[in-house]
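> Read off the chains here:
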Amino acid sequence: MSSAADTGRRSPRTRSSSSGSGVTPYVFILPFVILFAAFLVAPLVVAIVNSLFATQHSGLGFSGGGTTSFVWFKNYVTALTDAGFIRGFGRVLLFGIVQVPVMLGLALLFALITDSASIKFTKSFQLAVFLPYAVPGVVAALIWGFLYQPGVSPIVQGLRGIGIPANFLTPGTVLWAIANVSTWGYVGVNMIIMYGALQAIPKDVLEAARIDGAGALRTAFSIKIPLIAPSILLTCLFSIIGTIQLFNEPQVLRTITSNVTANFTPNMAIYQTTMSSNDLNLGSAMAIVLGIVTFILSIGVSRMSTRGAGA
Amino acid sequence: MTAIPARKTGRRTTEKTVGVEQAPLWSKVVIAVIMVLATLYFIIPVVWLIIAATKSSGDLYSTPGFSFAHWSLFDNLGSLASYRGGIFWRWILNSAVYSVLGAFLTTVISALCGYALAVYEFRGKRTLMTALLISLLVPTTVLAQPIFLLLVHIGLNNNMLGVLLPSLVYPFGVMLSYTTTMSSVPKEMLEAARIDGAGEFRTFFTIAWRLMSTGLTTVILFSFVASWNSFLLPLFVLDDPQLYPVTLGLVDWSQQSTSVAGLGTLTIIGSLVTVVPIVLAFAVLQRFWRSGLTAGGVKF
Numbered sequence: 001m002s003s004a005a006d007t008g009r010r011s012p013r014t015r016s017s018s019s020g021s022g023v024t025p026y027v028f029i030l031p032f033v034i035l036f037a038a039f040l041v042a043p044l045v046v047a048i049v050n051s052l053f054a055t056q057h058s059g060l061g062f063s064g065g066g067t068t069s070f071v072w073f074k075n076y077v078t079a080l081t082d083a084g085f086i087r088g089f090g091r092v093l094l095f096g097i098v099q100v101p102v103m104l105g106l107a108l109l110f111a112l113i114t115d116s117a118s119i120k121f122t123k124s125f126q127l128a129v130f131l132p133y134a135v136p137g138v139v140a141a142l143i144w145g146f147l148y149q150p151g152v153s154p155i156v157q158g159l160r161g162i163g164i165p166a167n168f169l170t171p172g173t174v175l176w177a178i179a180n181v182s183t184w185g186y187v188g189v190n191m192i193i194m195y196g197a198l199q200a201i202p203k204d205v206l207e208a209a210r211i212d213g214a215g216a217l218r219t220a221f222s223i224k225i226p227l228i229a230p231s232i233l234l235t236c237l238f239s240i241i242g243t244i245q246l247f248n249e250p251q252v253l254r255t256i257t258s259n260v261t262a263n264f265t266p267n268m269a270i271y272q273t274t275m276s277s278n279d280l281n282l283g284s285a286m287a288i289v290l291g292i293v294t295f296i297l298s299i300g301v302s303r304m305s306t307r308g309a310g311a
Numbered sequence: 001m002t003a004i005p006a007r008k009t010g011r012r013t014t015e016k017t018v019g020v021e022q023a024p025l026w027s028k029v030v031i032a033v034i035m036v037l038a039t040l041y042f043i044i045p046v047v048w049l050i051i052a053a054t055k056s057s058g059d060l061y062s063t064p065g066f067s068f069a070h071w072s073l074f075d076n077l078g079s080l081a082s083y084r085g086g087i088f089w090r091w092i093l094n095s096a097v098y099s100v101l102g103a104f105l106t107t108v109i110s111a112l113c114g115y116a117l118a119v120y121e122f123r124g125k126r127t128l129m130t131a132l133l134i135s136l137l138v139p140t141t142v143l144a145q146p147i148f149l150l151l152v153h154i155g156l157n158n159n160m161l162g163v164l165l166p167s168l169v170y171p172f173g174v175m176l177s178y179t180t181t182m183s184s185v186p187k188e189m190l191e192a193a194r195i196d197g198a199g200e201f202r203t204f205f206t207i208a209w210r211l212m213s214t215g216l217t218t219v220i221l222f223s224f225v226a227s228w229n230s231f232l233l234p235l236f237v238l239d240d241p242q243l244y245p246v247t248l249g250l251v252d253w254s255q256q257s258t259s260v261a262g263l264g265t266l267t268i269i270g271s272l273v274t275v276v277p278i279v280l281a282f283a284v285l286q287r288f289w290r291s292g293l294t295a296g297g298v299k300f
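If you're matching them up, the sequences are chains L and F in order.
Sequential numbering of the first sequence, starting at 1, is according to our numbering.
Sequential numbering of the second sequence, starting at 1, is according to our numbering.
Take these hints with a grain of salt, some might be off.
With a Cα cut of at most 20 Å, we get these calculated SDA-like pairs of lysine to any residue [claimed, not checked]:
#, chain 1, residue 1, chain 2, residue 2
1, L, Lys123, F, Phe201
2, L, Lys203, L, Gly213
3, L, Lys123, F, Gln286
4, L, Lys123, F, Phe288
5, L, Lys123, F, Tyr41
6, L, Lys74, L, Val45
7, L, Lys120, F, Ser57
These aren't lab readings, by the way, just hints derived from the structure by calculation.
Just so we're clear, the structure is a prediction, and the values are computed from it rather than from any experiment.
Excised from the complex, chain F in its bound form (with noise of 0.2 Å):
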């Protein structure tokens, strides 16, 4: 099958050296096809999200999916904020917390110890290069249940720090951020500022950091799409809805959603509340997360 097609386009090319290679109809019609097909299964959950959470509950069940029905948006919207005291945004709050913040912290904790391996000798380099190659191997679920255990043993469980600070250790972050150092950081230029004067803390928060902006924006993206994903730990350490992130209080009112009437439109149009902020971001900043999981790829 590889042979065939690849003898007529070769005699094609030899035709016309110049130019763009141009593909014969039938493979432009198979890769249209093909693309048409993936973008529906791609979109669709997605459209159907946003049509049903247009519905009311008895709508829900009662008209086709990919049709309207009586615009219930606002009502529901409405529900959805007011649901015992407004937890839902509290929820969105917290996840804020536990992502925006976390990601922050990631990154400037992981960029401050890359960049040291990177720049400095000094001694217990070498040990902690290999602690933290060994713990690139350590999943992170796998720890979740040891580390409940020891914030039972410390009083942190039930504790939003519970879920805030395991998640700043990012053994990956640090390797990235010292191939980044490595890879963008001129020594040269790092003398010139201690020659005018510039204190170490100095030269890496106005000259290195700023160097490091790729590999950086591929630390805080992933770390980002870690805690925001993160549903197992917070299982296991929170017990107060009050301190859920989102995806674990969706979780829980899509179980009582069999019994509490009303719950599962409120699942629905707080999934929708939830990944619409998250899709338009990635949408407007395509152009970071390209370059940043390109170099992520390329690095390794």
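So that you can see chain L by itself, here it is in the shape it has in the complex (with noise of 0.2 Å):
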């Protein structure tokens, strides 16, 4: 009601282009800012709350049957001394820091290539490359884990018919095959994001780059590369919170192999401490940790980022 009025003084056009509007926008934004608060500041307060209270069960009760009280930071610091907890945020560091760049360095690669006017196939080419995507990741980690296991997979199978005893389900090599399935899943939309940003450079700009003599290769490097570096930091953002929060696919592994452990990743910690141990409030602390963790990471890669494009 009052709005009408306030952009009114601010300037007469925006008052005629809010005119008669009064409660119009509220009406406009309603059912999110609805939905925004039930499913996301709520379940957020609820376990702010919740991580800072601790239930002691008297019998198999699930919500009542139990007496909970205050208990500070108790919650936090059981979880941050939780070996196995901090083992999981190890893991997925450790996952990162390989499969990240890994992956990343294929979409380049591919979004290079398919971006060059001198290939041919790039249109199909790309879709081989994206059609992973369109397979949800847990299906994809199904189909991957029956081409891991030695009795169906033909290619365990061809390996060890060749010489090598492949086993992609030992301990040591678990985390890989997981790496794998991400990797297989997630190249193509990186890919095409950045063919998309390759596709945006000013063609005057390649156009110089070949007259003052600069092959294919050193056009990409010195050239290509740099003027897409905000998309390429904007793949490697999500990512990095993408793996960070991994969770279907080991969990679908989990299934075939007792290597992948319960609480192999935080999330799957998580999961484990709320649904099996029946610990709603260290779930929850847990839940907050990694909130608090992905937050940082994503704030000081944005961080890098605009450092980057500044320089």
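Starting from two chains that each stand alone, build the complex the way the hints lay out.
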């Protein structure tokens, strides 16, 4: 009501553009705001409050049947001193340091190849690389799960046939078996994003490089890659956030190998603590810890990106 | 390594300044090899899935993975359809509700909000924008456990709404709708509509909606993929197999397949049936996701 008057004072142009609007903007935003409050703000508040309490279970009760007491940050101390939970962070960190550069490197390579005008079949090649993105991560893990099992896998059998004792599911290799599933699924979408940025480079810049005598490789490294750096950093940010939250692929591979433990990644530990150990309070504290770590890393990467763009 | 070929092609281009860049033969070969190997890597799992889906349970473990055995595709489809009273089709239907209906509603809700933020001045606008920007950094899977606790409180756990409603909150979609409105809905056109006497909602649904279509394609695509891939939240929320999305059901089968004979084959044929329509949809709708993803990528 007063908003229309407010804007009216500011400039006559915006007044006419929101003339008679009064409550209209609020009607437009209402559905989102309600859902946002109910399923984003409220859960966070519930989790924060919940993480500061501890429930002593007297029986098998799930919500009732127990005494709840305020324990300050005890759950956070428990979470941060839980060796399994911390090892999960170490695991996704190692995963991220190796898998993200490999995946984005491949995506960049394929984007540069398909961006180059002299190559044929680029459209169908892009389609082949992108299609795994249409396969849900869970189903991708199921398919690769079969391809990792010696009993069914033609790949394991083939490698063993030529004398390589391949086993993708040992304690040492299973993390990379998971990394392969993620790489398979997400190279394509990253390639398309980078390709879009490459296509947006003004043609006269490339023309100038060509007249100056720069070859394809030189152009790629000195002109194309620096110009699409913001897009690369964007994909990097998304990939890092995705890595810390790793859940689907290891949870599925857990059904075929015991080398993926129940708390293999932070998200799996949260799930296990909440559902199997039935410790909702500790689970909430772990979720908050994971949220904070993700938040800090995201801020760190975007800082880096703005600094990189400024230099 | 970068300098030498660069100089070589540099000499070449001075000879041929017109036309497409002429790459040396060896680099063409290298690129061709890379493309073939990459295509194989991305296609092989799907090829294996198709072949494995045509085999009986016995043949699956006793015949070579990449060759066809006795043709049992239709038998497998039959057992898939009849297993436990056709629960698989129920899962597909559930997934359609969560993903297709979910993506559609998400897009409408995000578009309304993003449009209002771009077009109107109103009290609380800045607060909403700040909240949106902060929420972009809250990962969805971190919210799964808190959402589950909340749903237990309000009695919506083990309910389809418990999976559908949280998926409609998509701050990224609102931001994208906002930037799309800013860049492709001219203020003058809205003015003209108002002068002609069109109401605000009519203006939105008849004029703005269409102008925003490129950005909204991205929203619908991303939100569809997000809910189609969603696994952690349904795992927390749903106990009743009748309410599972297909991903959850297939993982359940895979888990039981170690003890229940034949479930391995059902997992394979079920995966194929799940993947085929969506892969076909992506192949047919290439134009849309290409432009959508490109637009999304360039805007940031």
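> Confirm or reject each hint.
Consistency of the hints with the structure:
1. At most 20 Å may separate the alpha-carbon atoms for a hinted pair to count; Lys123 of chain L and Phe201 of chain F exceed this at roughly 40 Å.
2. The straight-line distance between the Cα atoms of Lys203 of chain L and Gly213 of chain L is roughly 16 Å, inside the 20 Å bound, and the hint therefore holds.
3. Note on Lys123 of chain L and Gln286 of chain F: the hinted pairing holds, with a Cα-Cα distance of about 10 Å set against a maximum of 20 Å.
4. Annotation: proposed proximity of Lys123 of chain L to Phe288 of chain F holds, straight-line Cα distance about 14 Å (limit 20 Å).
5. Between Lys123 of chain L and Tyr41 of chain F the CA atoms are separated by roughly 17 Å; this keeps the pair inside 20 Å, and the hint holds.
6. Only pairs whose Cα atoms come within 20 Å are accepted, and Lys74 of chain L paired with Val45 of chain L is accepted, the gap being roughly 18 Å.
7. A threshold of 20 Å between alpha carbons decides the hint, and for Lys120 of chain L with Ser57 of chain F the separation of about 41 Å lies outside it, so the pair is violated.
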